Each structure stands twice: as structure tokens, then as C-alpha cells.
Amino acid sequence: MPSKVVNQEEWLQARLALLAKEEELLQLSQKVTAERASLPMTLVAESYSFTGPNGTLNLKDLFEDKHQLIMQHVMFEPDKDAGCEYCQYHLDNLPANFKHLYEANTMYVIVTRAPYEKMAAFYKDKLGSQVPYYSSFGSKFNYDYNVTLDPDVKKPVYNFKETNRKGEQPGLSVFYRDGDEIYHTYSSFDSNLDLLMPTAALLDLTPLGRQD
1 MPSKVVNQEE WLQARLALLA KEEELLQLSQ KVTAERASLP MTLVAESYSF
51 TGPNGTLNLK DLFEDKHQLI MQHVMFEPDK DAGCEYCQYH LDNLPANFKH
101 LYEANTMYVI VTRAPYEKMA AFYKDKLGSQ VPYYSSFGSK FNYDYNVTLD
151 PDVKKPVYNF KETNRKGEQP GLSVFYRDGD EIYHTYSSFD SNLDLLMPTA
201 ALLDLTPLGR QD
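Quick note on numbering: the sequence shown equals residues 1 to 212 in full-length UniProt numbering.
If you are wondering where the hints come from, they were derived from the structure by calculation, not from laboratory data. This structure is a prediction, so every number in the text was calculated from the model and none was measured. One or more of the hints may lead you astray.
[To be verified] Below, a list of computed lysine-lysine pairs in the DSSO-like style, where the Cα atoms sit at most 27 Å apart:
| no. | residue 1 | residue 2 |
| --- | --- | --- |
| 1 | K80 | K124 |
| 2 | K124 | K66 |
| 3 | K166 | K118 |
| 4 | K99 | K80 |
| 5 | K126 | K99 |
| 6 | K66 | K99 |
[As the list claims (entries may be wrong)] The calculated label-pair distances, taken between Cβ atoms and stated as ranges, are:
| no. | residue 1 | residue 2 | range |
| --- | --- | --- | --- |
| 7 | N54 | L12 | 52 to 60 Å |
| 8 | D61 | K21 | 21 to 29 Å |
| 9 | A45 | K21 | 43 to 51 Å |
| 10 | R36 | G138 | 42 to 50 Å |
| 11 | E64 | V5 | 51 to 59 Å |
| 12 | A45 | D92 | 31 to 39 Å |
| 13 | A45 | A20 | 24 to 32 Å |
| 14 | K31 | N54 | 16 to 24 Å |
| 15 | G179 | Q130 | 36 to 44 Å |
| 16 | Q30 | P95 | 19 to 27 Å |
| 17 | Y183 | T163 | 53 to 61 Å |
| 18 | D125 | T56 | 45 to 53 Å |
| 19 | E117 | A14 | 31 to 39 Å |
| 20 | L203 | G179 | 17 to 25 Å |
Built from N, CA and C at the ideal position, the CB exists for glycine as well.
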């Protein structure tokens, strides 16, 4: 049994105490969300190169006709035939329908450094048909956005700190397009990617939790 058994009155008192903390956390979360939205932006000077189902594209192409782009960086090493299981758990949590995201002028894509042919073979039966995925293989994009770490290329930095990690790393980047100009607005790494997992948020409401 995950927790002790009490009478209704004791449960109510405990629940009210927790409610006060939940309301405090909600207020802080709303404040952080507002600060995140108002972060300054940096101009993306390079167009980079990606490969998709229709050949080579640049970063602007990934927006399609939208002004915002959310990009999930998935761990998939170029010399492997399968992507990361941890990242797949995140991908399994993606919504079945992106309609509301698109209506908010926002595109969502997946990018790995594995060649596109390997991605297509691996994700064929693992992603919904509306989830676009692209390869950045051959580009320095992953290195510039600190989701591929190689000390021979640049000093490894992950989650905005110097690190001894190497290889592919999970992450998320957000970009904004104004005409032909593209701006980097936000990045998140590691445990901060929990916001991509509604299953985990739902399990956090239960006494057994995530059962990791």
C-alpha cells in the first residue's frame, strides 16, 4: 500500500495543506511561463541543411507556413540503426493530433543526426503520419545547439554548463520566424524535457507515481 489510511477528516486536512502548495506552485509556474515567453531572441545567422522525405531543406523550410517552430532533438547516433528508447518514450507521448498546435501558428518537428534513410526505416511504424522528422546529418547544426557533444569539434556544453558528456543528447529548441529572418528563442535539456510527457504528469497525480 503506497500511503497510510486515515479517516475522511484527516484526509481533507492533508489535502487542503497540499492544495495550498499546489496553488503556490501554479502561481510560480505561471510567472515562469510569462518569463519564458519574454526571453530575448538571437538571430540564427546560418540556414543549415536538413534532409527530409523530399530531399534537402534549410531551417526556414521546417517552419512550412508557420511562424513558430518547436524542435525535439532525438538521440539517434549516425552509426546505429535504432533511436534512443528514452527519447522514444517522449515521442510516444506526442499528441495524436497537432491541429491545435497548427492553429496557434506553430510547427513541431523531430531532428536527429542519423541519416534520413535510417530515420525513415526506424520511425516508419513508430510515429504518426503527421509527425515530421528530419536529419541534420552532415551539418554542424546539432553541435551548434549542443545536442551532439564532441570535444574535437567544440568544448562540450550541455544544459548551459560545461560537461564531460559525449555523443548525442536529448533536447528541445524553439525558433521564431519573421519573414526571412529566424530567431532562436528557447532551449531545454535533460530532465527539463518532462514538459513533453503528459503520461508522466498524469502519473504524478497517483500514489504509485511514475514507477520508473
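Checked hints:
1. Of the supplied pair hints, the one linking K80 and K124 holds, its CA atoms being roughly 16 Å apart against a limit of 27 Å.
2. Restraint check for K124 and K66: satisfied, since their Cα atoms lie roughly 25 Å apart, inside the 27 Å limit.
3. The hinted pair formed by K166 and K118 meets the criterion: a straight-line CA distance of about 21 Å does not exceed 27 Å.
4. Distance restraint check for K99 and K80: the Cα-Cα separation of roughly 33 Å exceeds the 27 Å cut-off, and the hinted pair is therefore not satisfied.
5. In summary, the hint linking K126 to K99 is supported, as the alpha carbons are separated by about 20 Å, within the 27 Å threshold.
6. Straight-line distance between C-alpha atoms of K66 and K99 comes to about 13 Å, which keeps the hinted pair within the 27 Å bound.
7. At roughly 59 Å, the beta carbons of N54 and L12 sit within the given window of 52 to 60 Å.
8. The supplied range of 21 to 29 Å is broken by D61 and K21, whose beta-carbon atoms lie about 45 Å from each other.
9. For the pair A45 and K21, the beta carbons lie near 45 Å from each other, so the given range of 43 to 51 Å is met.
10. A beta carbon spacing of about 32 Å between R36 and G138 contradicts the range 42 to 50 Å that was offered as a hint.
11. The beta-carbon spacing between E64 and V5, approximately 54 Å, falls within the hinted interval of 51 to 59 Å.
12. At about 35 Å, the beta-carbon gap between A45 and D92 stays in the expected band of 31 to 39 Å.
13. Checked against the hint of 24 to 32 Å, the C-beta distance between A45 and A20 comes to roughly 48 Å, which is inconsistent with it.
14. As the Cβ distance of K31 to N54 is approximately 42 Å, the hint placing it in 16 to 24 Å is violated.
15. For G179 paired with Q130, a C-beta distance near 26 Å fails the hint of 36 to 44 Å.
16. Distance hint check: the CB atoms of Q30 and P95 are about 22 Å apart, consistent with the given range 19 to 27 Å.
17. One distance hint, 53 to 61 Å for the beta-carbon pair Y183 and T163, is violated here, with the actual separation near 26 Å.
18. Separated by about 25 Å at the C-beta atoms, D125 and T56 break the suggested range of 45 to 53 Å.
19. One distance hint, 31 to 39 Å for the beta-carbon pair E117 and A14, is violated here, with the actual separation near 55 Å.
20. Between L203 and G179 the beta carbon distance is about 43 Å. The supplied range of 17 to 25 Å is therefore violated.
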